[in-house]
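Undergrad: Kindly produce the complete structure, drawing on both the sequences and the hints.
Line order of the protein sequences matches chains F and V.
Residue numbering for the first sequence follows my numbering, starting at 1 and increasing by one per position.
Residue numbering for the second sequence follows my numbering, starting at 115 and increasing by one per position.
It should be emphasised that the hints constitute simulated quantities derived from the structure, not laboratory data.
Accuracy of the hints is not assured; some may be wrong.
[Claimed, not checked] Just a few of them, taken from the derived set where beta-carbon distance is under 7 Å, the chain F residues facing chain V:
(1) Q17
(2) G42
(3) L43
Since this is a predicted model, take the numbers as computed values, not measurements.
For glycine and all other residues, C-beta sits at the position ideal for the given N, C-alpha and C.
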Amino acid sequence: DGGITQSPKYLFRKEGQNVTLSCEQNLNHDAMYWYRQDPGQGLRLIYYSQIVNDFQKGDIAEGYSVSREKKESFPLTVTSAQKNPTAFYLCASSDHSGGEDEAFFGQGTRLTVV
Amino acid sequence: QQQVKQSPQSLIVQKGGISIINCAYENTAFDYFPWYQQFPGKGPALLIAIRPDVSEKKEGRFTISFNKSAKQFSLHIMDSQPGDSATYFCAARIYNQGGKLIFGQGTELSVKP
Chain F
1 DGGITQSPKY LFRKEGQNVT LSCEQNLNHD AMYWYRQDPG QGLRLIYYSQ IVNDFQKGDI
61 AEGYSVSREK KESFPLTVTS AQKNPTAFYL CASSDHSGGE DEAFFGQGTR LTVV
Chain V
115 QQQVKQSPQS LIVQKGGISI INCAYENTAF DYFPWYQQFP GKGPALLIAI RPDVSEKKEG
175 RFTISFNKSA KQFSLHIMDS QPGDSATYFC AARIYNQGGK LIFGQGTELS VKP
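TA: Take a look at the structure:
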């Protein structure tokens, strides 16, 4: 099946720890995105990548880092510098061919600071 | 200027009724306006989308109405069903910025039987 796989589904982080969220896609899409979802605030863009070895900051990049070493993978690291990391994190990919290219989302990772 | 404002925040509709969700934007560089449906604990899924050169698009019970001059667009769900109960997000894309989507705040729809 083609799609986007995020893991883990649930993640617990202690204060001061870095954690990495996995995102893998087998849709052969060039573009990948990370969004954060908080109640009542919609989805906010953290980072995005249009091509391997290149990525750009989104609206709320502080406290996060990413890498794009392979086309299929776009992991997100939530660092200890992120002061309020508890949220639902969503990864997406799109063909971005300029038409009505659909963005496909993964099932999300719920991160909780304990 | 890159915001997309969505209303209402929550909506309760009786089964068989019409659900209407509205969105407004400012940036004329947006070139694609999708609507996403999200069930609890799941990722959003594309429901229907429209380009700004079209005033209306219909897919089954779902219709997008687009008013380019007013910079507004809306989702109409006809004959709403309990299975439509979900959170709906409008979004807008800026093509020359990596295809990233700017999302509205979301509308939690509840369809009562």
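Undergrad: Of the hints given before, which are not true for this structure?
TA: Hint 1 is the one this structure does not satisfy, whereas the remaining hints hold.
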